[in-house]
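> Now for the letters of each chain:
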Amino acid sequence: MLASVWSATLLGVEGRLVAVEVHVSNGLPAYNVVGLPDAAGRESRERVRAAMLSSELEWPLRRLTVNLAPGGLRKTGAGFELAVALGLLLASAELPTDCLESTGVLGELGLDGSIRPVHGTIALVDAFRHAGLQRVIVPAANAPEASLVTDITVLPARTLGELRACLKAELPWPEVDTSDVVFAADSDPDDDESLDLSDVRGLRLAREALEVAVAGGHHLLMVGPPGVGKTMLARRITTILPPLDPEAALDVTRIHSVAGDLASGRLVTRAPFRAPHHTASTAALVGGGSGRPTPGEVSLATHGILFLDELGEFSPATLDALRQPLEERAVRISRQSSALTFPADFLLVACSNPCPCGEPTDRCRCDPARLARYRRRLSAPLLDRFDVRMSVSPPESNDVAGESSAVVRERVRAAVDRQRARYAGRRWQRNGALPAGPLRREVPLTGDAVDAWREIIRRRALTGRGAAAIRRVARTLADLDDTARVTAGHLGRAEQLREDVP
Amino acid sequence: MSATASGTMRMFPPDVTDDERVAAAVLVGLPSMTPARLRALFAAWPDARDALAAIRAHDPEVLTVLRAHVRTTSHTDYVALVRRWTSSGSWDATARILAARGTRVHLAGDDDFPIEEVVPKRPEVLLIEGEGCDALRGPRVAIVGTRAATPHGLRDARELGRFLAQAGCAVVSGMAIGIDGAAHIGALDVEGRAVGVVATGLDVVYPRRHHVLFERVRRHGCLVSESGFGTKPDASRFPVRNRIIAGLADVVVVVEATIKGGARITAERALEYDRPVLAMPGSRRNAAAAGCNALLADGAHPLLDPSDVLVALGMTPGSRRSWEPRAQVSGDARRCLDACGGEPATVDQLASRTGLPLEDIARCVAECERTGLLERSRGLLWPR
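Protein sequence lines correspond, in order, to chains A and B.
Every number in the numbering used here is 769 more than the matching position in the first sequence, counting from 1.
Every number in the numbering used here is 18 more than the matching position in the second sequence, counting from 1.
Keep in mind the hints are simulated off the structure, nothing from the lab.
Where hints are given, some of them may not hold.
Going by beta-carbon spacing under 8 Å, a handful of chain A positions derived as facing chain B [what the hints assert, rightly or not]:
(1) D968
(2) L974
(3) F1042
(4) R1043
(5) P1045
(6) D1136
(7) N1167
(8) R1228
(9) T1232
(10) R1262
Computed spacing ranges between beta-carbons, pair by pair [said to hold, decoys possible]:
(11) A/D1136 to B/H76: 40 to 50 Å
(12) A/D1251 to B/S395: 31 to 41 Å
(13) A/T1000 to B/G373: 23 to 33 Å
(14) A/G1206 to B/P375: 28 to 38 Å
(15) A/L1231 to B/P375: 16 to 26 Å
(16) A/A1138 to B/R85: 35 to 45 Å
(17) B/G120 to A/R1134: 47 to 57 Å
Backbone N, C-alpha and C define an ideal beta-carbon position, used for all residues, glycine too.
Let the sequences and hints guide you as you build the complete structure.
Printed below as a string of structure tokens:
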């Protein structure tokens, strides 16, 4: 007897349809899984058997073969177990033959017959929808997340016994609780209400740098001695980020769901803020790792901030691995059998000490060789990616608190909208992503701005990249001022945001 | 010996033969030769040829002389060393190298040896290369300081080097990164004379980063060493080298020095040799000025103006001229400069202290940079 049930597995952040075929035949009792399962898949026997027995269902003492098709695709995780169990029930005529018509099945089984949640529900359900399936059975805990995918009926399942009854129409399907799927930004449990930009005294240029970075999507490097407030500033960057638009929110939720760190399975509407420690491995930062390739911090920071504190302490190899995602806004991971692409469209915010001794620059005691070694850790190509670089100094005694986050956030939101409108239909949506080629056309200079521009390039002896960065940042400053023209004043301010640090 | 080399050699006083100089160069180039060992040999055999002959002849006196003068090495080590000496150091090869490189060998016994006899532990032999050897005849000023100099210190050293070179002084220093290099460059800027005293062999360029500077000094001054060809940089040789800088100079100027460092050793040697020492005062916040301030507290003359050096040299009765005329700037730019208070600052600090809008600060900073009143370095704005 043969039964086939639709399930799905993850490949990167995409779902792939998998047909779970269960064959029951005469012969010595056995249970084999074929079709490139991982260790979790091969272990499924004990869980499926115990779950069926706990649910007072019969475990056929016959030769059972489970095939996961297509055979060439490597499958990961225990998410097929529910499909296997349902396949067995179909094969033993415990369920009506057509009850799983056009239905995808996801779920891991517990020994007591309970149905456990899986990673990457959105991506998997999306794969079912693309394949034209009409219904999907998901673990109840994943149901709210699954319901974010439109045009497919979500059927939540709590236990195997209950699911069997529902499929036989002996019980009604449980309701999907969607009340808290989409939530307002201010109800985020991760939100630390106590942070606000008004906590920061003085540091007007540093505040401007933060605002510009967020508004224009310019990568930001802050250099300064320990304790001057670099980290304090960076932590407050989340308070001026505009909320994610619906499309971005779904993207972010999907990636975090695949990584398995989606809190309570709801839509993420706040831009992520990822702050990996400087001991993070290259795989942790850019993704990959052994076994199933998982998204790294750069992907988890998509549509949000990747904050690297103590940039100079990261291993040079790890930092160099950042260059490709910064350039392409995606991470490519090549494996023997497949090449995956993870999104990595993040804003890089980094802090660094000016030198290894950590003293303020004018009191630094480092000898030149040690200093040169420290600076070499940050390669020139990486430093070139930072449009905004600045020195942060301690506040002065007469400094007063600046604007609150709410005021800045409004300005940022308006600037982002301006850029969206201006760049509609372009490959880039933000000034920070503006390539050097079309820069001259996209950011025209007129009148005294032209002279100011030439004077800056000459005086600072700027390279092409440095000059382009200043022009892009000037455009963002103009957007924040809500003006169409980039003036000499904007260029002058932009120039101050381009220090030769460290 | 080639014609060029004998031409060079003829410049030496007639009473000392060329053979003696070659012998001295051979001695200097022996393995593990140190200034102290060389001094011991010359004390026993004033003529280098005799010393070399004694070594070649396995004279037991060599061992006795070395043991008597330098006791830090064990007897067995000396036996091994002297045995190595007997078989190394080729006369012909040394003569060939001296001729090919145009190296001059100055012996302590020469009348025109640049360091006078009263200086304790003066080198017995100096190897000198370069087209500006006349630098060692006129007034000489050593400008020394830390390698970890601030942009302020570098600028001061360069300006001082320039000023002294224009006044006709040769600038003596150690060719190191930081103050040393800046002082040499200052002198070379105005085509003055630079004397670089190195702690390696004359055929070794250290630090590598200064290879261009080495070439320039060779062309417009000279390089001086008491070590044989091929001697690699070694931490122990630098403090010993510093006594030559102090010895060659008529006046020693310390521009920026850390509390512990080679520049202070040079200053101490200079005091020992009865040379005037001038130190440039700095902020107590500046770690790179702490050594200078300590020297001042110990009684060094403060250097407030370049002409102070000329006063110390006895070249001028004491008139003061300012460093360089100040450029005229707008009122706001002047406010920004005053807000620096002579110390490096960030744009944020200028904004906080003046209360000006960022756009105006940007304009003022650009104006000051244009007129050279502010300099951007290491992420800060440095007033000059």
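> Compare the structure with each hint and give your call.
Checked hints:
At about 16 Å, the closest approach between the beta carbon of A/D968 and any beta carbon in chain B exceeds 8 Å, and the interface hint on this residue is violated. Look at A/L974: its Cβ gets to within about 5 Å of chain B, closer than 8 Å, so that hint holds up. Using the Cβ-Cβ criterion of 8 Å, the hint placing A/F1042 at the interface with chain B is not satisfied: the shortest such distance is roughly 24 Å. The interface hint given for A/R1043 is broken, as the beta carbon of that residue sits about 26 Å from the closest beta carbon of chain B, more than 8 Å.
Here the hint on A/P1045 is broken, as its CB sits about 25 Å from the closest CB of chain B, past 8 Å. Interface restraint check: A/D1136 against chain B, minimum CB-CB distance 5 Å, threshold 8 Å, status holds. Taking 8 Å as the C-beta cut-off, the interface hint given for A/N1167 holds, the closest approach to chain B being about 7 Å. The beta carbon of A/R1228 comes within 6 Å of a beta carbon in chain B, closer than 8 Å, and the hint placing it at the interface holds.
A distance limit of 8 Å between C-beta atoms decides the matter here; for A/T1232 the minimum to chain B is near 15 Å, and the interface restraint is violated. Checking A/R1262 against chain B by beta carbon gives a least distance of about 5 Å; that is within 8 Å, so the hint holds. For the hinted restraint 40 to 50 Å between A/D1136 and B/H76, the CB-CB distance of approximately 46 Å keeps it satisfied. Separation of A/D1251 from B/S395 is about 36 Å and conforms to the stated range, judged on CB atoms against 31 to 41 Å.
About 27 Å separates the C-beta atoms of A/T1000 and B/G373, a value consistent with the hinted range of 23 to 33 Å. For the pair A/G1206 and B/P375, the supplied restraint of 28 to 38 Å holds, since their beta-carbon distance comes to about 34 Å. A hinted range of 16 to 26 Å holds for the C-beta pair A/L1231 and B/P375, which are about 24 Å apart. Separated by about 39 Å at the C-beta atoms, A/A1138 and B/R85 satisfy the suggested range of 35 to 45 Å.
Checked against the hint of 47 to 57 Å, the pair B/G120 and A/R1134 fails, with Cβ atoms roughly 41 Å apart.
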